[in-house]
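Q: Numbering (this note's numbering), first residue to last: 1 to 153.
Derived from the structure by calculation, the hints contain no laboratory data.
This structure is a prediction, so every number in the text was calculated from the model and none was measured.
Treat each hint with caution, since some may be false.
To be verified - Just the calculated beta-carbon pair ranges, DEER-fashion:
{"id": "1", "residue 1": "L97", "residue 2": "P142", "range": "33 to 39 Å"}
{"id": "2", "residue 1": "L102", "residue 2": "E25", "range": "21 to 27 Å"}
{"id": "3", "residue 1": "P121", "residue 2": "Q144", "range": "32 to 38 Å"}
{"id": "4", "residue 1": "D63", "residue 2": "D151", "range": "20 to 26 Å"}
{"id": "5", "residue 1": "Q138", "residue 2": "P94", "range": "35 to 41 Å"}
{"id": "6", "residue 1": "E66", "residue 2": "Q138", "range": "16 to 22 Å"}
{"id": "7", "residue 1": "T51", "residue 2": "Q138", "range": "16 to 22 Å"}
{"id": "8", "residue 1": "L44", "residue 2": "G145", "range": "27 to 33 Å"}
{"id": "9", "residue 1": "Q88", "residue 2": "R129", "range": "23 to 29 Å"}
Said to hold, decoys possible - Derived EDC-like pairs (lysine to aspartate or glutamate); straight-line CA-CA distance at most 16 Å:
{"id": "10", "residue 1": "K111", "residue 2": "E66"}
{"id": "11", "residue 1": "K20", "residue 2": "D128"}
{"id": "12", "residue 1": "K111", "residue 2": "E99"}
{"id": "13", "residue 1": "K111", "residue 2": "E65"}
{"id": "14", "residue 1": "K111", "residue 2": "D100"}
Glycine included, C-beta positions come from ideal geometry on N, C-alpha and C.
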Amino acid sequence: MLSPIVLEQLHNIKETINKKYGFVEGIPRINYGPCGVFAHVFFLTWNALLTPQVHICFVLTNDREECDHVCLCLPSGDLYDGGIGIHQRELYTPSFLVEDMLEYDEPTLEKWSYGLDRTYPRYCPSFDRTFVEQVVRQHLEPLQGIPILSDFV
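Can you make the complete structure from the sequences, with help from the hints?
A: As structure tokens, this is what we get:
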């Protein structure tokens, strides 16, 4: 289980992102396209600052032809993204399968993100990678040197 301070900081990232970008029909705008960029930024920042490390996951159609979402797997085994926050793999089954990218591979991330350097005019027109980088760093830096996982349930 993640320690309470980690849970709080992850919640704060999600809230800040959703406050900035909002929702479309109840779905966080950050999860409509820029989810791959968010995952990339979070992955790079967390793994530069903290241990144990996180890895990226792809939520694929069962035929593995399309990627519906890109998120992260936290050291606790929970999934995380900038819109929903902490959630479980079961959220996606049986409609999708979750594929773990245990070793970072930028071409694969680029493929399933449908491009990391693009705009999102339809659902997240005001997306700003720099803002996401600042928010993620601001909330992860205070976690340096503290236990990420907790023995308390």
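Q: Against the range 35 to 41 Å, how does the distance between the Cβ atoms of Q138 and P94 compare: consistent or not?
A: With Cβ atoms ~37 Å apart, the hint holds.
Q: With respect to the beta-carbon atoms only, verify the hint that Q88 and R129 lie 23 to 29 Å apart.
A: With a Cβ separation near 28 Å, Q88 and R129 satisfy 23 to 29 Å, so the hint holds.
Q: Take the C-beta atom of L102 and the C-beta atom of E25, compute their distance, and say whether it sits inside 21 to 27 Å.
A: violated (33 Å)
Q: Lying within 27 to 33 Å: is that true of the beta-carbon distance L44 to G145?
A: violated (19 Å)
Q: Between K111 and E65, does the CA-CA distance stay at or below 16 Å?
A: holds (11 Å)
Q: Compare the distance between the alpha carbons of K20 and D128 with 16 Å, and conclude whether the hinted pair is satisfied.
A: holds (10 Å)
Q: Verify the proposed pairing of K111 with D100, using a straight-line Cα cut of 16 Å.
A: Distance of about 14 Å is within 16 Å: holds.
Q: Indicate whether the distance between the beta carbons of E66 and Q138 respects the range 16 to 22 Å.
A: For E66 and Q138 the Cβ distance comes to about 33 Å; the hint is violated.
Q: 16 to 22 Å was suggested as the range; check whether the CB atoms of T51 and Q138 agree with it.
A: holds (20 Å)
Q: With a cut-off of 16 Å on the C-alpha distance, tell me whether K111 and E99 pass.
A: holds (14 Å)
Q: So the hint says 20 to 26 Å: do the beta-carbon atoms of D63 and D151 match that?
A: violated (41 Å)
Q: Are K111 and E66 close enough, with their CA atoms no more than 16 Å apart?
A: holds (10 Å)
The structure fails hints 2, 4, 6, 8 (numbered hints given earlier, in ascending order).
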